[in-house]
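Put the two chains together into one complex, using the hints given.
The residues making up each chain are set out below.
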Amino acid sequence: GAGVSQSPSNKVTEKGKDVELRCDPISGHTALYWYRQSLGQGLEFLIYFQGNSAPDKSGLPSDRFSAERTGGSVSTLTIQRTQQEDSAVYLCASSLYRGSGNTIYFGEGSWLTVV
Amino acid sequence: QKEVEQNSGPLSVPEGAIASLNCTYSDRGSQSFFWYRQYSGKSPELIMSIYSNGDKEDGRFTAQLNKASQYVSLLIRDSQPSDSATYLCAVISQDTGRRALTFGSGTRLQVQP
Chain A
118 GAGVSQSPSN
128 KVTEKGKDVE
138 LRCDPISGHT
148 ALYWYRQSLG
158 QGLEFLIYFQ
168 GNSAPDKSGL
178 PSDRFSAERT
188 GGSVSTLTIQ
198 RTQQEDSAVY
208 LCASSLYRGS
218 GNTIYFGEGS
228 WLTVV
Chain W
1192 QKEVEQNSGP
1202 LSVPEGAIAS
1212 LNCTYSDRGS
1222 QSFFWYRQYS
1232 GKSPELIMSI
1242 YSNGDKEDGR
1252 FTAQLNKASQ
1262 YVSLLIRDSQ
1272 PSDSATYLCA
1282 VISQDTGRRA
1292 LTFGSGTRLQ
1302 VQP
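Each protein sequence line maps, in turn, to chains A and W.
Residue 118 is where the first sequence starts when you use my numbering, and the numbers rise one by one after that.
Residue 1192 is where the second sequence starts when you use my numbering, and the numbers rise one by one after that.
Take these hints with a grain of salt, some might be off.
To be verified - Selected chain A positions facing chain W (in silico; Cβ < 8 Å): (1) Asp-173; (2) Val-191; (3) Ile-221.
As the list claims (entries may be wrong) - Label pairs and their computed distance ranges (CB to CB): (4) A:Arg-181 with W:Ser-1260: 33 to 43 Å; (5) A:Lys-134 with W:Ser-1199: 25 to 35 Å; (6) W:Gly-1200 with A:Val-129: 45 to 55 Å; (7) W:Glu-1206 with A:Glu-185: 17 to 27 Å.
In case anyone wonders, no lab produced these hints; they're calculated from the structure.
Positions of the beta carbon are idealized from the N, C-alpha and C atoms, including for glycine.
Okay, chain W solo, but in the shape it has when bound (with noise of 0.2 Å):
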């Protein structure tokens, strides 16, 4: 099992909608989690940290953890053609005792016009 699964998509969106990511992990004692945002060629560049169960709000974007169920997710508000991208979903897993991020594959997002 990775340690961090991501659906590859593309998922694909009309603009104006609501883009759903979603992440899960297996470390369990994991408490730090990440979205970040790749656009192709580029390096990633981070959009969002949580640490607790909830959401967490910033502009359009939404983070929501669930600890429980080991489940990340990132919505996308009024999704626009300039939020089409790959979204990589990060995790400090407690288990290795690494302070790096574990990365999931990443799911491609497409915002149709």
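Next up, chain A with everything else stripped away, as it sits in the complex (with noise of 0.2 Å):
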């Protein structure tokens, strides 16, 4: 596609439940990033994917949050048994990678809500 996108672009859940944010890169982009952002917070990085090496999850709040990245391109985000505090804006981001050059673009974002 010509952008990052990123599904579902709001979502409300309940306190408990799990939840599953879909990312899709732009086409040929080898890196992929999750990043969150609370309300009038800076953005705060979760995980980084490069090619086929092992992600970079150093950025992952708790072991309720996880991420893959299926077949190099499609990553999902997902948050067990939700929080309050995991509600957010969740943006996925993708770069050509090279080296330090590279330049990231977001996608619109996922709005969560955990009531």
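What follows is the structure, given as structure tokens:
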């Protein structure tokens, strides 16, 4: 596609339920990132995928959070047993990896509200 | 110490003035620096990238990098009300080996008509 596509754009879920957020990166981009942004806050790094390398999971806040990337393209971020503090916009981004010169493009985000 | 620090603002400037946004970073080995603009309720969009010491100009925007001082800034000339947004500084930190961007918390800019 022309840009990074995320779904759903909005999700309201009950506390304790699991949610899945999907990201379809720009075609040909080998690097994929997930960030989280709470209301009025900066972007918090969650996880980074680069090609076939092991993902950098150092930003995942707890073991309730996991992500996978199938076939080097689409990625799914899963949050188990959601809590109210998980409410945020989850932003996916991708880049054509060029070492330090990569440009990262963001999707429109998935707005998650846990009630 | 945060890896990337910005003054949260708001920074208020009159229309037509120069807006100066500043950012400091902790990893001396960082090589790549970016400025993103984020309108309320929208995702960040890239404005400028800079990799070498000095100035880089693109239209009304100038990015300035000083690696010795671990300082990067963004100047917006002839500021317009449409420039009102949050400006995010981002760095690729070599220390962590992570290729993902580390963001500052952003500076909110208000351009007064």
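Which numbered hints are broken by the structure, listed smallest first?
2, 6 and 7
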